[in-house]
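Chains B, U, C and G are the protein sequences, given in the same order.
Numbered according to the working numbering, the first sequence spans residues 13 to 149.
Numbered according to the working numbering, the second sequence spans residues 13 to 149.
Numbered according to the working numbering, the third sequence spans residues 13 to 149.
Numbered according to the working numbering, the fourth sequence spans residues 13 to 149.
Hints are computed from structural coordinates only; laboratory data are not their basis.
Hints are not guaranteed to be accurate.
Said to hold, decoys possible - Rough simulated footprint, nothing fancy, chain B against chain U, three-plus residues with beta-carbon under 8 Å: (1) 20 to 34; (2) 112 to 123.
What the hints assert, rightly or not - Simulated restraints on C-beta separations: (3) B:G86 x G:A34: 38 to 44 Å; (4) C:A19 x G:R102: 29 to 35 Å; (5) G:A34 x C:A89: 38 to 44 Å.
Said to hold, decoys possible - A few chain G residues that face chain C, going by a derived Cβ cut-off under 8 Å, partial list only: (6) P18; (7) A19; (8) D22; (9) A26; (10) Y33; (11) T52; (12) T56; (13) G61; (14) P67; (15) V92.
Since we're looking at a predicted model, the values are computed, not measured.
All C-beta atoms in this analysis are idealised placements derived from N, C-alpha and C, irrespective of residue type, glycine included.
There are 4 protein chains.
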Amino acid sequence: MSDLTPAQVDEFVAATFPAAYAEMMRCEEIGDGFAVARWTYDPTQLRPGEYISGPRLFGLADLAFWFATFTVNGLEAMAVTSEMSIRFLRPAQHGDLLARAELESITRRRIVGSVRLWIDGSPDRLVAVAQGTYARP
Amino acid sequence: MSDLTPAQVDEFVAATFPAAYAEMMRCEEIGDGFAVARWTYDPTQLRPGEYISGPRLFGLADLAFWFATFTVNGLEAMAVTSEMSIRFLRPAQHGDLLARAELESITRRRIVGSVRLWIDGSPDRLVAVAQGTYARP
Amino acid sequence: MSDLTPAQVDEFVAATFPAAYAEMMRCEEIGDGFAVARWTYDPTQLRPGEYISGPRLFGLADLAFWFATFTVNGLEAMAVTSEMSIRFLRPAQHGDLLARAELESITRRRIVGSVRLWIDGSPDRLVAVAQGTYARP
Amino acid sequence: MSDLTPAQVDEFVAATFPAAYAEMMRCEEIGDGFAVARWTYDPTQLRPGEYISGPRLFGLADLAFWFATFTVNGLEAMAVTSEMSIRFLRPAQHGDLLARAELESITRRRIVGSVRLWIDGSPDRLVAVAQGTYARP
């Protein structure tokens, strides 16, 4: 599975989940047990304060996690999130959003992982962290 | 604050957070310590399996919670989510999505509440539950 | 299952989980889809600041939730927590601790519920709230 | 702060939180932005199934996280947990329990981190993972 490329992931998303593709979320990087997703900044999509919204952060975290499960399950549309918790750490502003998901545990039924999010160019200033569970199909 | 109407809330959202308004999320009901939000079903926005996506559920939960904080803070754009955890219970399909947020604790700095989500017509079959914290501005 | 009494629950705990029983945690009330657990105040068990510790709050929340699952599963020792999130709202001090768990969703594999915790005599000043998932055996 | 030793941490715990010390939880390792805590296996403390209990796992995770905050705050008794979510991955059995906490974000008011837990000798088979927030005193 480690041979998946970001282009293959994007093509799969465009085919199976066109709404996410249309929202300018893409796979940036994928490898053994991890994936990085990018949301291209769009000033028409901001919440009050010109912040990137919490649901946008959650959505990119969830997508990066889904991509990371592909390294275990293959390109599998029907893996679904069981639960996720997210902490918002500082305003997310003025740039593309990146989310890196890393798998922490893989059992027969469940995959557990963590996600870190930051604005492009400021990887040391995380804007959110999340942890959650995917059910295996 | 208990005199706020759903129409006033929608007008405030349209003015301060037009992207949420454009995504067809509205205030359905608001009263002392609670609020209900509705997302009008849009078949172009589904994830694989024709399910309403997890981020959509999170987004409506977060919005309902924000509305509920208005009953404490007034119409305040800058209340922000500190953290939220969400459990996805069953596929969300084939209808409008409703989210009811109830406040459980109000202290000087924080508001904690819970949210239940269901498909219109099936209030006994919750599709997700969430719990989280808003920071007061 | 709604005929279970607190005394039956305590007897079951004493037999199957003696360490919890020895820590002075008891069933206070049990009924359809809910249970209340009590921890008798013990000043030798406090964390710095003379607060009841976070793990003690988590432990009583988890126990109350377990009791509430008995109303669905019967007296079943092997139901296990899958995940739980907890928010600490204010210092827990100077009295017995109470935790009330309510079930929110029961599906074939999982039971999801919420828990509220307070100091005896101050039910309106919650010291913590939690939400989580039990796996059905 | 990185000069703290496990012995100094244990001495501090024994002085300020004797109940935790009495429960055989110790600092195993501490360094820049991380700490490891150990619970010495005690067969009288198990839950049904001879598993180490969920609250014990939560308690050790919380303690390891507290130790890790010492690398930022110094030996500070009054840092308190704001919220924590924990996922239980597999039965925790038959050995000492270890918890490694790593700080992910340090801001003026809050410290966010993650914790991994395993049975001594099986670091690749995590028994639980957690993520949470400490409020800075």
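Hint check results:
1. Beta-carbon proximity to chain B at under 8 Å applies to 5 residues in the stretch 20 to 34 of chain U; the threshold of 3 is reached and the given coverage holds.
2. Residue count for the stretch 112 to 123 of chain U with a Cβ under 8 Å from a Cβ of chain B: 0. That is fewer than the three needed, and the coverage hint is violated.
3. Checked against the hint of 38 to 44 Å, the pair B:G86 and G:A34 fails, with Cβ atoms roughly 50 Å apart.
4. As the Cβ distance of C:A19 to G:R102 is approximately 34 Å, the hint placing it in 29 to 35 Å holds.
5. Look at G:A34 against C:A89: about 27 Å separates their beta carbons, and that is not inside 38 to 44 Å.
6. For G:P18, the interface hint is violated, since its Cβ never comes within 8 Å of a Cβ in chain C; the closest pair sits about 19 Å apart.
7. The criterion of a C-beta within 8 Å of any C-beta in chain C is not met by G:A19, whose closest approach is roughly 19 Å, and the hint is violated.
8. The interface hint given for G:D22 is broken, as the beta carbon of that residue sits about 15 Å from the closest beta carbon of chain C, more than 8 Å.
9. Taking 8 Å as the C-beta cut-off, the interface hint given for G:A26 is violated, the closest approach to chain C being about 12 Å.
10. Annotation: interface hint on G:Y33 violated; nearest CB of chain C at approximately 11 Å, more than 8 Å.
11. Because the smallest distance between the Cβ of G:T52 and any Cβ of chain C comes to about 15 Å, over 8 Å, the interface hint for this residue is violated.
12. A cut of 8 Å between beta carbons decides the hint on G:T56: the least distance to chain C is about 6 Å, and the hint holds.
13. Residue-level restraint check for G:G61 holds (minimum Cβ-Cβ distance to chain C is 6 Å; threshold 8 Å).
14. With 8 Å as the threshold, the beta carbon of G:P67 comes within range of chain C, its nearest partner Cβ sitting at about 3 Å, so the hint holds.
15. Among the interface hints, the one on G:V92 holds; its C-beta lies about 7 Å from the nearest C-beta in chain C, closer than the 8 Å criterion.
Of the hints listed earlier, those the structure fails to meet are numbers 2, 3, 5, 6, 7, 8, 9, 10 and 11, in rising order.
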